[in-house]
Amino acid sequence: MVGIRLENASASYFIHASRKPVVNGAQSVGAEIRSRGRFIEICALQNISLTMEPSDRVGLVGINGSGKSTLLKILARCLSVQSGTVQIEGSVCPQFSLSSGMHATLSGRANASLKCLYHGVSIRNIPERLESIKELSGLGEYFELPIRSYSAGMRSRLAMSLMSIMSGDIIIMDEWISAADATVNKTANELQTKLLSSASILVAASHSERVLRDWTDRLIWLEHGEILEDGPIDHVLKNYQDYVKKST
Amino acid sequence: MEQCKYLMGTTLPLYNIIRRWISSSIRLLIISYYENASFYNRTKLGVLWIPLSTFCFAITLTLVFGSKESLDQTQFFLYVLVGYSLWLFILETVTQSTTIIQLQIDFANHNRMNLIGLFFRNLFSRLFRHLLNVGALFLCALILSTDTVAISFLIYLPFLFIILLTSLGLSYLINFTTLVFPDSEKAVLIASRFLFFLSPIFWSADQGAGGIRNILVTYNPVSYYLSIARQIFYVEPFDSSKWIIAIGITLAICVSSYFCYLRTKDIVRNIS
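Chains as they are written, first to last, in this note's numbering: chain H, 1 to 248; chain R, 1 to 272.
Bear in mind the hints are in silico, worked out from the structure with no lab data behind them.
Since this is a predicted model, take the numbers as computed values, not measurements.
Cβ atoms here follow ideal geometry from the backbone N, Cα and C, with glycine treated the same way.
Wrong hints could be hidden among the right ones.
Stated by the list, open to error - Not everything, but these chain H residues come out facing chain R in the computed CB check (under 8 Å):
1. 63
2. 65
3. 96
Stated by the list, open to error - Which stretches of chain H does chain R cover? Using the computed rule of at least three CB atoms under 8 Å from a CB of chain R, they are:
4. 5-17
5. 109-115
6. 139-151
Claimed, not checked - Below are the SDA-like pairs computed for lysine to any residue, each with C-alpha atoms no more than 25 Å apart in a straight line:
7. H:134 - R:34
8. R:44 - H:39
9. H:238 - H:248
10. R:186 - H:146
11. H:238 - H:56
12. R:265 - R:184
13. R:44 - H:145
14. R:265 - H:145
15. R:265 - H:56
16. R:186 - H:38
17. R:186 - H:81
18. R:265 - H:238
19. R:44 - H:103
20. H:238 - H:208
21. R:44 - H:241
22. R:44 - H:141
23. R:242 - R:205
24. R:44 - H:148
25. R:265 - H:7
Sequences are here, hints too, so could you generate the full structure?
Written as structure tokens, this is what we have:
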């Protein structure tokens, strides 16, 4: 059974204190800062309770430092909570940055091989998958060259074609969908659709209304590490946009 | 456990667990090959530069520090090569473990590895380079003393298991220490330079220099691992007490590391 349940979950980052920290004022962006001996504690999320069930398509909105990325990292198991409980059932496929871990000196083929190895593609199936990635990327002979010789668009093509090896019950995405929009081709868009529709649960943070409306139907609005609203996208997005207009 | 589905074992029957661990080990070694090769991408020899540089350095140490009074030059070369090959593995364990969590945790999570998987990935990267050095070492041993290489090879396998366990445990302990006490990172790096000279890599206690060398050999844990590696290649006489002490040190490191991991695994990812 795939599902996500958070109950009163609070998470902090701990940074080594090089000087006495200044307490974060109410007017500033970002989470509360506390002094904890040799560390500065950034209370990124506080008392978050939420449930996500199969077929949920959830978007996260909030101004910078509101806790969107922290929540995604907790769901991706990159961060731990200091209090409360987190229950995640199902395989998680985090997509924070597809180019993460690529080696500039290695060819597109070698980088794709590494991704296949890391993502559990059977060793004997790797040559076949590599040909498929090469074809999807449309890189041609560039696939055999070191990726340091690629343009940004070419890197994006390679990164997007690597989506064909990704899979997971829960897809976690942070911003990059909109960032890649300018360079993706039709095939990459299809891959993206296939990946997202194959997942049981999608959680995506984005500042793009188009991305949120295309991919999600439920929206969680975070502010200073707390959930301000959680509900249907139309309702929450309107309230959030009104709030942003007033703030600016 | 789902995140490390491919790189770690799961709760399966014993046969499947062993099969999955072997499969994961092969996968990690192939990953290590690609990642190590990326550093030598512009060269013709590629990763062969790893054993070649070890070999050249061992020859230099032999020529500079070799003493005709104790071992002959050939034996001393083997003595240095065994010691230096193992020292490189120890040095990499120490110096490359100071920033694993700080710099690689996002990469790990993006590539379906949990915290243990990340440390295993780094361990196999070190192992890959060590195996290249050991390959060159066996080649030299084959040329210099043909009759004992097969036995050495058999004894090297349990020894490899011991040093892998030690390296894994030590890696987490060092990384946790540098995470909580950032100054210790520099201290560890400086200490490792001193340790090179304070360990019997290119000198032995038999070469004189009074009691200082004996004290260093007795109280420096590295010397026990160096000694048993040399016993395997018949450069030093067999001494069971050295094996017992080395295994004892390994157990102490592994137990400390295990409890440290249990108590800290939930907090280390949130420290930056």
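Hint check results:
1. 63: At 22 Å from the nearest chain R Cβ, residue 63 of chain H fails the 8 Å test, so the hint is violated.
2. 65: Status violated, d = 15 Å.
3. 96: 6 Å, holds
4. 5-17: holds (count 6)
5. 109-115: holds (count 4)
6. 139-151: violated (count 1)
7. H:134 - R:34: 18 Å, holds
8. R:44 - H:39: Given that 25 Å is the threshold and the Cα spacing comes to 48 Å, the pair is violated.
9. H:238 - H:248: Status holds; Cα separation ~16 Å.
10. R:186 - H:146: Not satisfied, since the Cα-Cα distance of roughly 34 Å exceeds 25 Å.
11. H:238 - H:56: 20 Å, holds
12. R:265 - R:184: Holds - the C-alpha atoms of residue 184 of chain R and residue 265 of chain R are around 20 Å apart, at most 25 Å.
13. R:44 - H:145: 16 Å, holds
14. R:265 - H:145: 40 Å, violated
15. R:265 - H:56: 30 Å, violated
16. R:186 - H:38: 18 Å, holds
17. R:186 - H:81: 30 Å, violated
18. R:265 - H:238: Status violated; Cα separation ~41 Å.
19. R:44 - H:103: 19 Å, holds
20. H:238 - H:208: At roughly 13 Å apart (the allowed maximum being 25 Å), residue 208 of chain H and residue 238 of chain H satisfy the hint.
21. R:44 - H:241: 58 Å, violated
22. R:44 - H:141: 21 Å, holds
23. R:242 - R:205: 15 Å, holds
24. R:44 - H:148: 19 Å, holds
25. R:265 - H:7: Holds: residue 265 of chain R and residue 7 of chain H sit about 21 Å apart, inside 25 Å.
Hint compliance for this structure: hints 1, 2, 6, 8, 10, 14, 15, 17, 18 and 21 are not met, and every other hint is.
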